[in-house]
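> Here's the letter readout for the chains.
There are 2 protein chains.
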Amino acid sequence: MANGSEGNGYAMQAESQPAPLDASKLKVTLSETLKPMPPLDDLAFGKHMSDHMMVSTYHPVTGWTDPEIKPYGPFVLDPVCSCFQYSTNLFEGMKAYIGPDGKARLFRPDMNMTRMRRSRDRVALPSFDTDELLKIIKKLVQIERRWFPNAPDHTLYVRPTIIGTRPSLGVAASDHALLYVVCGPTGPFFRVSRMLSLMAVSEHVRSWPGGTGGYKLAGNYAPTFMPQAEAAKRGYDQVLWLIGDKITEAGAMNFFIVLKRDDDDLDVYTPPDDGTILPGVTRDSVIRLLQAHGTSTTIEGIPQTVHVEERPVTLSEVAQWSADGRLLEVFTVGTAVIVASVGRIGVEGKDDIELPKHDIQMGPVARAIHKKMTNIQWGREEFEGWSVACE
Amino acid sequence: MANGSEGNGYAMQAESQPAPLDASKLKVTLSETLKPMPPLDDLAFGKHMSDHMMVSTYHPVTGWTDPEIKPYGPFVLDPVCSCFQYSTNLFEGMKAYIGPDGKARLFRPDMNMTRMRRSRDRVALPSFDTDELLKIIKKLVQIERRWFPNAPDHTLYVRPTIIGTRPSLGVAASDHALLYVVCGPTGPFFRVSRMLSLMAVSEHVRSWPGGTGGYKLAGNYAPTFMPQAEAAKRGYDQVLWLIGDKITEAGAMNFFIVLKRDDDDLDVYTPPDDGTILPGVTRDSVIRLLQAHGTSTTIEGIPQTVHVEERPVTLSEVAQWSADGRLLEVFTVGTAVIVASVGRIGVEGKDDIELPKHDIQMGPVARAIHKKMTNIQWGREEFEGWSVACE
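Heads up: the protein sequence lines correspond to chains A and B, in order. Numbering-wise (UniProt numbering), the first sequence opens with residue 1 and increments by one. Numbering-wise (UniProt numbering), the second sequence opens with residue 1 and increments by one.
Isolated chain A (complex conformation):
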């Protein structure tokens, strides 16, 4: 009796559990007509999407539907869905690379999956196993092989996204969701090599302690567009985000600064992961490569001794280090750009901070890191299993 009762209880529980996301149930429906491939010089970031996408939807009773890779196409959604009204939306940005062995690779995808879990929990969206999602992403990347542009520095950009689809205006967490992955061919972020100009902005604040700047939420981006447009109007490429005098990010990239102790001894500082910056995959990789430099690996082209430190950096310090002649270079990092050097920083009511110029529009440390990173990403060099083949 007791056993039977337990058995029933277990069965009922099993029945009532919403289905988990399950990569083994992946259904693939290929498109009957493939899109024409855009020319290489038209591959601006995010402009073209490939033939297919992956979709799985969540219902609070039945759980995740069997994931499906199917022809890329629009969603049909109720006007009151949470994704429109309350921005229960988040995404990840990843790149896939074709290595010299012809294999498609992802770069440290485990870090994207970890961050996606954190973002998802922060906005109270339904849970799922990101290992399953990663398996599906690898499959999608393999299916979209023809979309890898056959040119150096070109990649397949992959955009996993979750949106809340609860069809009610009630101000509450979304217990319905749509998980999807789209991808598209992408050229180098800058077609012409050049140094970025940044405009320091403190009037508008991207992130703050206890806020959501450390999560990759859709809601972090819309408020950046107006200040970004203002910066562009004033002749700057990107906004340098501040909290008071403290630097957080540059555009949607992480910020690094290089100072000379002497010719063979450098300090590299980057703002700490204190919740006010996005914990970037490229940022973490740069820190770890610099830490490993001279011990488990070598970054060619930089001095033997580099001291990398996560510490707050203020705009006043940058101005002072620049005036002192200690400032060697400033660079920004991110998945889209990988590494970009900064040429000047605009400061309200003051002269621009002009940073040292370099022949090839990149500082020596930025250039060395860029080369090392891309070698690892493309599978030309192995480092700690960061480059993961899709097989």
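For the record, the hints were derived by calculation from the structure and aren't laboratory data. Keep in mind that the hints are not guaranteed to be accurate.
Any copy, or any two copies together, can satisfy a pair, since identical chains are not distinguished.
Claimed, not checked - Below, in silico cross-link-like pairs of lysine to aspartate or glutamate (EDC-like), each with a Cα-Cα straight-line distance of 16 Å or less:
hint	residue 1	residue 2
1	350	42
2	47	110
3	47	78
4	103	230
5	103	354
6	246	317
7	233	245
8	47	175
9	233	264
10	70	32
11	35	354
12	103	381
Based on these hints, arrange chain B on the given structure of chain A.
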């Protein structure tokens, strides 16, 4: 020649201007089948939508399409649209009331339109004339007259929304948009009269100086759901949002506190509109009614002398005023709730602050303001043209 050239220039400019939103071009397509009316006791906030909606879309070349009131239905949108990826989304919340004269009324809709313009500009969405939008909203409210529930304290809730629909992953302002208005019948926020409990939260911060907490952006809401769920788990109705010790909002409502100077002399404080609180229409109305009390109007049931002040209020002050016996009541205000009294405030690691109890679950000031506000909203009483007939 010069004239001709000017003339051509003007004509070309006129041709190339995107079309403005134009209420005079409103097209109405009524639904052929009307939905069944849900029972009165099923009218939870935001649960049911009416038969029709208004839609106009913006294209950067052609501008706003002729607005259309048409059967309520889903949107078809590309997976990379800005609304999903970058939360270029915002909304307004308004209520329509049927007055004793049978006319449908909106409450201070000009304030919603002003706030909508500010929100729209803050996230760099395409511009439009909100006077035109208001004309269309009035028309929609008239068309949906059958959806006003025939019961006291029941209203038609109206939700104007704009979402960015730029179909590209490029991180930039959305130059495509979808403007829409949906509405639905709504019962009283609380079916059973009771006092709210609030849990003070400082670990998660809703807003910040220079942030977007003062705009009605979709992106402000998703981050509140996890802390709200945590508060509910611990037995509280809503979160009391802090910046450090400073109170900003309660749930998605504005915060008021009433202190006794003596029995005939009250202080009412509410946090200032410094960009860290939503500038609520109800908040502004409460402040203005209290200012007018004893001069241009009378709020029955409160002392002759009430000093209302927008000033920072800290949680420590609330605790101290409570301990001193000076604290008469705390209440929250918003479009959905109108006015709600607070019974207790939970503070991490301390005993709850227990606020004075009242017979009908509302403090005397909250009750008096609630009555005054609803009289004006329903058109039973005139005050400064706040209640605007839809004709």
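> For every hint, state whether the structure bears it out.
Checked hints:
Taking the closest pair of Cα atoms, residue 350 and residue 42 never come within 16 Å of each other, the shortest separation being 38 Å inside a single copy and 61 Å across copies. Taking the shortest alpha-carbon separations for residue 47 and residue 110, neither the intra-copy value of 26 Å nor the inter-copy value of 39 Å comes in at or below 16 Å. With identical chains, the CA atoms of residue 47 and residue 78 are at most 16 Å apart between copies only, with a shortest distance of 13 Å across copies and 26 Å within one. Proximity of residue 103 and residue 230 under a CA criterion of 16 Å is satisfied in neither setting, with 43 Å inside one chain copy and 45 Å between copies.
In this assembly of identical chains, residue 103 and residue 354 lie within 16 Å of each other by CA distance neither inside one copy nor across copies; the values are 43 Å within and 65 Å between. Taking CA atoms no more than 16 Å apart as the test, residue 246 paired with residue 317 passes inside one copy only; the shortest distance there is 9 Å, against 30 Å between copies. With identical chains, the CA atoms of residue 233 and residue 245 are never at most 16 Å apart, being 23 Å at best within one copy and 39 Å at best between copies. Taking identical chains as interchangeable, the C-alpha atoms of residue 47 and residue 175 lie at most 16 Å apart only when they sit on different chains, with a minimum of 14 Å there against 31 Å within one chain.
In this assembly of identical chains, the alpha carbons of residue 233 and residue 264 never lie at most 16 Å apart, being 40 Å within a copy and 57 Å across copies at closest. Taking identical chains as interchangeable, the C-alpha atoms of residue 70 and residue 32 lie at most 16 Å apart only when both belong to the same chain, with a minimum of 10 Å there against 34 Å between chains. Proximity of residue 35 and residue 354 under a CA criterion of 16 Å is satisfied in neither setting, with 46 Å inside one chain copy and 65 Å between copies. In this homomeric assembly, residue 103 and residue 381 come within 16 Å of each other (Cα to Cα) only inside a single copy, at 14 Å, whereas the closest approach across copies is 75 Å.
The structure shown violates the earlier hints numbered 1, 2, 4, 5, 7, 9, 11.
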